[in-house]
Amino acid sequence: MDNSNVNRRGFVKACSAVAALAAASAGRLVQPAFALADAPKLKLVDKAGKPIKASALEVHANYLFMYPYVSTPCLLLRLGAATPRNVECKDAKKAAYTWPGGVGKDGAVVAYSAICSHAFSYDSKQTSFLTYSKARTQVSSHSRAITCCAHASIFDPAAGAKVVGGPATFPLAAVQLAYQTDSDELIATGLVGTALIDEFFKAYRGELNAQYGRGAYRAVVEGQTTVLPMQEYSKNVVQC
Amino acid sequence: MTKRTDKTSETLGRRHFLKLSAGSTLVAAAAATGAMTTPAATAISGRTNRPAALPAAKGPRCVVVGGGASGATMAKYLKRENPKFDVVMVEPNATYMSCFLSNLWLDDLIKLETLQHSFTDAANANNYVWLQGMLIDLDRQKKRAFTSAGYIDYHYIVLAPGIDYNYASIGIKDPAMEIACAQKFPAGFKPGSEDLSIKNKLANFESGIFLTTVPTGNYRCLPAPYERACMIASYFKKNKIKGKVVLLDPGDKPFAPKAPGFLAAFHELYKDVLDYRPSTNIKSVDPMKKTVTTEFDTIKFDDAAIYPRVRAAKLIEDLGLSNPKSPQMEADIDVYKYFAKGDRTCYVTGDARPMPFSKSGNTSNSEAHYVAKVIAAHEAGKDIDWVSPQTICYSMVNATPEEAIMVKAKYDRKTFGFTDVQLDNKRSAALGKATHEWGAGLYRDMF
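Those sequence lines, one after another, are chains A and B. When we follow the working numbering, the leftmost residue of the first sequence carries the number 1, and every step to the right adds one. When we follow the working numbering, the leftmost residue of the second sequence carries the number 1, and every step to the right adds one.
Please note that the accuracy of each hint is not assured.
What the hints assert, rightly or not - Below, simulated SDA-like cross-link-like pairs (lysine to any residue); rule was C-alpha separation at most 25 Å, straight line: (1) LYS94/A with THR120/B; (2) LYS300/B with LYS426/B; (3) LYS111/B with GLY213/A; (4) LYS94/A with TYR336/B; (5) LYS202/A with THR120/B; (6) LYS426/B with LYS94/A.
Calculated from the structure, these hints are not laboratory results.
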């Protein structure tokens, strides 16, 4: 119980900036069973360390940043249109939670953990398996969807990464984004949905140790996090 | 029920034993219960008639027989669906070895370690017990499973024993010839020693014809014989072997959805190395003379991997669970809920199922997720809707560079035919990368 209380408090604090306003106007807001405790608040910056401007993000392009750990990638997308707000999603245990919706001037900027909720395939620096595509692809019969090419799980980025096809049974975890209207800047403030990072670490411990140094993959990103276009982040981008 | 105490029964095989005791026990059981809903037990004595060395069950005990794509997934997800379940997986092999991805290993695209996994670690990570043993008999009235490591009393049992080969399907009826063919030219679809043998064959092959075959019926992994022919042909090319891969196929083209992708690879990549012969039925095989006789001619080969028709593992038949009308001796189960007719405690999954799903690792894995839910729901006094298994299947057709094709499909609720088919027959490096990750993801999910 202690943990869930902390989580809930963390969550409320984390997304109060974004969600509080919405809560006033929308009906029901359901807090997720999982929200990262002590979530770091990290400004999204470019390679030069300059804050990313939300309206400068290329529409329909795939961007990557690490959050909350140095080894856990997240997809950043600016979709073609404002997403619906306060979308009700269901986590792995079928518990409901509310995904607040896209941010930015156009309400179209979203971010999700790039670790597939099905079998933990992920976007590594070597190969990215989860990508967003505006166009309908050969394997995914959906346009404007995130597809994991390992087993063709398909997620809707405009609806909290709900599953729209394939073997996955629950959404990708969502990154809470705070948007600063005056500066057009983005801050990652939390991660909600289904907790997968422990299982992800368990599944890839050997690989992550080799890549980051023993245990170093568990370091939390500090200060700010760098956003890279997917082609720069990953040697191989697998779209299917 | 008769009780056997004579020493000789200990050394008898399961089938012989059943034959010996079936007459008396079946009649006795029928008389005792009035109605025959479950076949009666055979009497077991000697070493197996002692409880298996297991801790006392802490909840409803679920025995999973088999540690393949179906059984390993089942053991893990039964425990996840209902943490009170006390799960025991009975699997005789010391190490898991994967059938899926194994063609890639033939051409050195992956290491052997990629295919091998530890049952010890899987059981430990997922809170079940792995009992290294083999199911010998089942008393479904007493709900007692007799294994080579002792008996286990169960609440639920899931049988996922996989396949056996039917050598009569390629004209081999003499047991001596069957063993000769199985040992000299193993099929390589029951992973382990068969696959190692084929790998050794390739390493030692110098010149001539390497014969591979496609079985009739619903065999394990429909695109695999074509992928394997590509991988062996690629190996020949890479290693400048003066030889040809001959692929005999009873069908008029490769596995239908992927036919264009395979035919393109055969034609564009392996024209000089691969001799694909469609519409060719094997009438007989002479493993001593190294010949295969088809409707058309007799082919002399230098080495081979001969894949006969498959059937549900003989265990299913031995336990009285097969449907005598099934041409591949598959299990007689409820086709939506997987339980043996009239027995909600005994389930059959994986490649021994009677539904015409693709007998593939991915199908079995996704099916096991669903059946684990079925059993957990039944335990909770609930029922759940049928969910189609998913078949997602990559085939590596080129090794330099690595390029693959893919198909994914679900199954129709009524006909069990393919539905929601998505295809990519244009071989690509992206799908080549996805092939590796597809397998890796399955291992992560199973173990």
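Okay, the hints, checked on the actual structure:
1. LYS94/A with THR120/B: 31 Å, violated
2. LYS300/B with LYS426/B: With a Cα-Cα distance of about 34 Å, the restraint between LYS300/B and LYS426/B is violated, given a limit of 25 Å.
3. LYS111/B with GLY213/A: Distance ~24 Å between LYS111/B and GLY213/A Cα, so the pair holds.
4. LYS94/A with TYR336/B: 23 Å, holds
5. LYS202/A with THR120/B: Holds. LYS202/A to THR120/B sits at ~16 Å (cutoff 25 Å).
6. LYS426/B with LYS94/A: 38 Å, violated
The structure does not agree with the numbered hints 1, 2 and 6 stated previously, though it agrees with the rest.
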